[in-house]
Amino acid sequence: MSAQAGADAVSAASAAAAAATTTDATSAASSAVAHTGFALVVDHIDYIIMVPLVYVSILALLVGIVWRVVTIMRSAPPPYPLRLYPAARNAGLAALGDTFAMPQVRRHRPVFWVFLMLYHAAFILLILGHLDIIPQLRLLPAGSRHMLGAGAVGVAVTLPLLFFLLRRLRSPLREISVPSDYLLLLLLLFLFLFGDMMSWGNSWSPNGFVMTKQAFSKYFDGLSRLTFADPRAVLPGSHYHFAVIHVLLAESFFVLLPFSKIMHTFFSMPINLLRRR
Amino acid sequence: MEAAISGTLKQLFETRLHSAMRLYLDTCARCGVCVEACHVYASMPQARYTAVGRAEVIRKIFKRYFKLEGKIAPWLGEVLTLDDATMDQVSDAAWSCTGCRRCMTFCPFGIDTQLIMSIAKALLIGADKEPKLLTMLADMSIAKSEGIEETKPGFTRAVEDLAPEIRALWPHSKDPVVTVEAEGADVLYVALAGKHSIIPAAAIMNAAGERWTLSVYEAVNFAAFLGDSKKMQLIARRIHDEAVRLKVKEVAIVECGTAFRAMKYMTGVHPFKVVAFVQLISRYLREGRIQLSKGTLKGTLTYHDPCQIARNGGVLEEPRHVIRHLTADFVELRPNRADNWCCGGGGGLVALGESDFRMKSARVKAEQMKASQAAIISTACENCHSQLTDLNEHYGLGMKVEFLSKLVADALMK
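Chains as they are written, first to last, in the working numbering: chain A, 1 to 277; chain B, 278 to 691.
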C-alpha cells in the first residue's frame with residue numbers, strides 16, 4: 001500500500017463521517033429553502049452550466065479539433081521540403097523528442113523550460129485526476145479524499161501559469177503579445193484556482209472542502225451515465241457556486257481551445273516533423 | 278488602398294495557405310524563445326526585428342481574413358486589415374528578414390519564418406510594392422533564356438579569354454581550358470556573372486581531371502529572394518533543361534547559397550544530382566584527385582557557414598574537410614555550423630544595396646568575426662562574401678575575406 005493510499009484509508013473514515021455530518025448540516029439550510037424569483041433563475045442557470053453545457057462544450061471541443069485537423073490535412077502539401085540540418089537519423093523520433101522534451105527551449109531558456117515541462121506534465125496528471133473522479137475509471141482508492149497528487153498537481157499547473165503570465169509582462173514579450181494571450185492565461189489561471197480551492201481544501205484542511213471527492217464522483221457518475229439529474233442533489237452546500245464557476249471556466253476553455261493557439265497540443269508533432277523530415 | 282486590390286491580395290494570400298503554412302500560422306504560442314535568434318534583433322533590439330514580430334504581421338492579416346476570431350473579436354488578436362499602413366509593416370517585415378532560418382532552430386515548434394515571409398513578399402508583389410530591382414533582375418534571368426542562342430557565341434569567346442588566368446592556377450589544363458555546354462560532360466558547372474566565379478573552379482576541376490562543362494546561365498535565382506515561386510521555377514528550369522539536354526550526371530552550383538538551395542531543394546526533383554561546389558572539392562580531395570599545399574595561407578583562417586548551404590542545405594562538414602587540407606591554423610567562429618549567425622546580407626539585401634541597414638543589423642556578426650581573431654575569413658557563398666567584405670570594411674576588422682574555392686585554387690599542388 002502506498003503512503004498516499006495509507007493516508008487515504010485512515011482519512012477516509014473521518015472524511016466520510018465529517019462529510020456525513022458537516023455537509024448535511026451545511027446543505028440542510030440551503031436545500032431546505034424553496035428557491036423563488038432570482039434564486040430560481042440562478043438555479044436554472046447553474047443546472048444548464050453543470051449538465052447540458054458540459055455535453056455541448058465537450059462536443060464543441062471534439063468537433064472543433066477534428067475540423068481544425070481536417071482543414072490542415074486537406075490543404076495542399078508544402079511546395080518543397082522545409083527541413084533543417086544536420087538531419088536527424090530518425091525524423092519521427094527527433095520530432096517526438098522536440099515535441100515532448102523541447103530541447104530548443106532547454107538550450108536557450110532553461111528556466112522557462114523547467115516551468116514548461118512542469119506545467120505540461122502536470123496538465124496530463126490533471127486530466128488523469130479528473131478521469132479518476134469518474135467512478136468507472138477510478139485510479140485512487142474509492143474512499144480517498146484526494147485528487148490525484150493530493151493537491152500537488154494543482155500547484156504544478158498554477159505556479160508555472162503565474163510565471164507564464166508574469167514573463168509576458170516584460171519586454172520584448174509584452175510587445176509581441178496580443179490580448180488573447182493574456183486572456184487565455186487568465187482563463188486558465190482562474191480555472192485552476194477554483195479547482196485548487198476545492199482540491200486543496202479536501203487535501204490540506206482538516207475538515208476538507210464542503211463538497212468531498214465522493215460527492216464530485218456522484219456528479220461525474222451522473223454525467224457519464226447521461227442521467228441529466230440536477231447535481232445540486234449530490235453537491236451540497238452553499239459553496240456549490242465554486243464548482244459551477246470552475247465548470248463554466250472549463251467549458252469556456254473547451255469551446256475556445258480549437259480556435260486558440262492551444263491547438264499546438266495536436267499540431268506540435270506534425271509541425272516539428274516538417275523541420276526534421 | 279482600393280477594395281479591388283485588397284481583394285486580390287486576399288486571394289493571393291489564400292494561394293499560399295498550404296498545410297505547412299497553416300500549421301505555422303496557427304501554432305505560434307508567442308513564447309518568445311525565438312527572440313534572440315535573429316541577428317537583426319541582436320544588433321538592433323526592437324520587437325519588429327524578432328522572428329515572431331515579423332510573422333505576427335502576416336498572422337494578424339491571416340486572422341483578419343481567414344479566421345473566425347478576426348471576424349467576431351478582431352481585438353483579441355489585434356488583427357490587421359490589408360491597407361497601405363499594413364503594407365508598410367509587411368514590407369518592413371519582409372525586407373528585414375534575410376531568410377536565414379536561424380529562428381527555426383530556437384522555436385520549440387520549428388516555425389519557418391522565411392516561409393511565412395514568402396506570403397509577405399507575395400503580397401508586396403501583388404500590391405506592386407516589391408523592390409523593382411529584384412523583379413528586374415529576375416525578369417532578366419528569364420529573358421536571357423529566350424535569347425540565349427544570340428548571346429552564346431559572345432559568352433563562349435569571353436570564357437575562352439579566361440584561359441591564361443586559369444592556367445596560372447593550374448598550368449596543366451588541357452585545351453580547351455573551358456568548354457561551354459559540351460555534350461558528354463559528367464558535371465555541368467553553373468557559375469555567376471563574373472570571372473571570379475569561373476577561374477578558380479575551372480582550375481580545380483581541370484586539376485581533378487573532371488569531365489566538366491560550363492553552363493551558359495548564371496546560377497543566382499533572384500526570384501527566390503523576391504519570393505516569386507513561379508519565376509523561381511522558370512529560372513531553375515533553364516538550368517534543369519540544359520542539364521537534361523547535355524545528359525550530365527551532376528550539376529555543381531557555384532558558391533552561392535540561395536542558388537544551391539533553390540536548385541537542390543526548392544524546384545522539384547531533377548534527374549541529375551545537385552551539389553554545392555565545395556562538396557565537389559571535398560570529394561576530389563577524398564578521392565585523391567587534387568592535392569593542396571598547406572603553406573600558401575598566411576595567418577589564422579576561419580570559416581563562415583552560409584545559411585542556405587549549411588543550416589538549410591546540409592553542407593556542414595565538407596568545408597571543414599577542405600580546410601583541413603588547406604591549413605592547420607584554423608579557428609571556428611562561435612557559434613558555427615547550423616548555429617552560425619547569418620552574415621546579414623541574405624534574402625536579396627546585398628543585391629538591393631541597403632548598406633546602412635545591412636551594416637547596423639549585422640553588428641553581432643562583425644563582433645563574432647572579430648572575436649575569432651582570425652586573419653582570413655573564408656566562405657562559400659557570393660552573398661555572404663559581399664556582406665562580410667562590407668562588414669570588414671565598415672567595422673575596420675582588418676581581415677581578408679576569401680572564397681573557399683579561391684583558397685583551394687591558390688593551394689593546388691602543381
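Hints listed in this document are in silico derivations from the structure and should not be mistaken for laboratory results.
All values reported here derive from a predicted model rather than from experimental measurement.
For each residue, glycine too, the CB sits at the ideal point set by N, CA and C.
Certain hints may be false.
Computed list of lysine-lysine pairs in DSS-like fashion (alpha-carbon distance at most 27 Å, straight line) [stated by the list, open to error]: (1) B:Lys691 to B:Lys451; (2) A:Lys261 to B:Lys348; (3) B:Lys451 to B:Lys683; (4) A:Lys261 to B:Lys344; (5) A:Lys261 to B:Lys472; (6) B:Lys421 to B:Lys451; (7) B:Lys421 to B:Lys472; (8) B:Lys507 to B:Lys451; (9) B:Lys344 to B:Lys451; (10) B:Lys647 to B:Lys637; (11) A:Lys261 to B:Lys287; (12) B:Lys429 to B:Lys472.
Chain A is faced by these chain B residues, among others (derived, beta-carbon under 7 Å) [said to hold, decoys possible]: (13) Ser296; (14) Phe343; (15) Gly387; (16) Met543.
Inset, instruction - Hint by hint, work out which the structure violates, then give me just those numbers in ascending order. - result: 5, 6, 8, 9 and 14
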